[in-house]
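K.L.:
Listed here are the chains, written in short residue letters.
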Amino acid sequence: MASPKISLHGVTKSFGTKKVLQGIDLDVAPGESVVVIGGSGSGKSVLLKCILGLIRPDSGSIKIDGEESADLGDDGRARTMKKFGMLFQGGALFDSLSVWENVAFGPIQSEGMDPARARDVAVAKLGAVGLGPDICDLRPSELSGGMQKRVALARAIAREPEIIFFDEPTTGLDPIMADVINKLIVKCVSDLGATAISITHDMASARKIGHRIAMLYDGKLIWQGPVDEIDRSNNAYVDQFIHGRAEGPIQMQVRKL
Amino acid sequence: MSIPVVTVLGRLTLAFLAAAGAITTFAVHAIRQTARPPYYRREILRQMLEIGYYSLPVVGLTAIFTGMVLALQSYTGFARFSAESAIPNVVVVSLTRELGPVLAGLMVAGRVGAAMAAEIGTMRVTEQIDALTTLSTNPFKYLIGPRLIAGVVTLPILVLIADIIGVLGGYLVGAYKLDFNDTAYLRNTVDFLQFEDVFSGLVKAAVFGFLITLMGCYHGYNSKGGAQGVGMATTNAVVSASILILTFNYFITEAFFAR
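Residue numbers (the working numbering), protein chains in the order written: chain L, 1 to 257; chain G, 1001 to 1259.
Rather than coming from a laboratory, the hints here were simulated on the basis of the structure. Even glycine gets a Cβ: it sits at the ideal position worked out from N, Cα and C. Please note that a few of the clues may not be correct.
Using C-beta positions, here's what the derived DEER-type ranges look like [to be verified]:
#	chain 1	residue 1	chain 2	residue 2	range
1	L	Glu160	G	Leu1056	19 to 29 Å
2	L	Gly66	G	Thr1007	50 to 60 Å
3	G	Phe1256	L	Leu138	50 to 60 Å
4	L	Val227	G	Ala1035	45 to 55 Å
5	G	Ile1243	L	Lys18	27 to 37 Å
Generate the whole structure from the sequences, applying the supplied hints.
P.N.:
Right, here's the structure in full:
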């Protein structure tokens, strides 16, 4: 494997007494798309936020292009951030700004692009996710959930990032819109030649957008491998998860009725 | 079994000190980040409009009725000592030194501090603040800096306007209800007014502007857990800003006027 784009070693994070990540090792090669699956509350979002530097891990090393993320100051962090694009679970569009201002936010604020040109860039990016220029001046709250997701995707790719993160991209969408988003993700990632990490518990989505799947359980990555090997993982935890069974080694903490 | 009083007192003291420390750290970080570029001019202007211009009606109404009631109340008191001529002076000094900045501060805390905490709190729980960071934009510079600057700059202007409107209220009651000679009322107002009266009020206003926006930003930025968390942040922002305004008001007064 070529030198990894993202490299995690022994990453741990606790909130109070709750150990969320207990030693994560993960290497992602340039241009590779890794999907992290796991149940709700298994620490998937925390993992992404640690890599982004939004949450500081308690110990372990996170390297982006060989650069240790913890050593970065404010300026270094801003510079590294330019490599990243992130699609948030709820979209996280700025509701005080119009649709095009949301998409053009990165180019205008961090690259100093002038607004007229940035608007053209925004229209082009919206076109790439299948949205017309007619919604440019609407507010995010005036759009449907699926459209908001697409605008958020357009914003995530607006700066043509080298690395894109997808946080539960299909959650809350109907199956058809979910597939539309999956296809857009695959297209955007391959068009940009970007490295991607997605987190999801939607197996259909995971199979479609990932080259490799890693399963997070109890703060550890208990299995990783190529997508087509997930059905013969010989791992009881993975099997239970991908078939969505209530019975198995993973015990949901539900009180008996 | 009852919890010993000392334990409760200790717990309260610790909680208070922890909060004071957290707020101070937040304030120092915010000021440092605000002082260094980039500056978001459009955001600063937008916030000045929001905090200053849109607060004018509320602050103006508060000021005019305060001035009117001051004139009326001091008349009923002062008439007993035949000291009616001191009324214009009492009105203008109480307004510029105390009531102008404090009442304007409390009204703006309710109007702007609450809105600020709710807006930033919602941005926090919907991950918009994280999104800012991923778009290489420092939330302290983009969200908090412009609000702090706008608060410190616009509150003194608001208070100056409130002073003028308040004096007008007192004058209206004095001249048309209490049968003062209107030129004498205005001359009395101006003659006794000292620079320090107005200046101390404006210094207070700038400090209050900082406290209101700081509390709005602090509670919003640190809000957790959905609608309830945002609601709590809003309440906390208004309550803490109001208490801080009243506390700082005393100490600034002492710094200016205690001999």
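K.L.:
Each hint: holds or not?
P.N.:
Going down the list of hints, with the structure as the test:
The supplied range of 19 to 29 Å is broken by glutamate 160 (chain L) and leucine 1056 (chain G), whose beta-carbon atoms lie about 45 Å from each other. Between glycine 66 (chain L) and threonine 1007 (chain G) the beta carbon distance is about 53 Å. The supplied range of 50 to 60 Å therefore holds. Taken as a hint, the range 50 to 60 Å holds for the pair phenylalanine 1256 (chain G) and leucine 138 (chain L), whose Cβ atoms sit roughly 52 Å apart. For the pair valine 227 (chain L) and alanine 1035 (chain G), the beta carbons lie near 50 Å from each other, so the given range of 45 to 55 Å is met.
A beta carbon spacing of about 34 Å between isoleucine 1243 (chain G) and lysine 18 (chain L) agrees with the range 27 to 37 Å that was offered as a hint.
Of the numbered hints listed earlier, the single one contradicted by the structure is hint 1.
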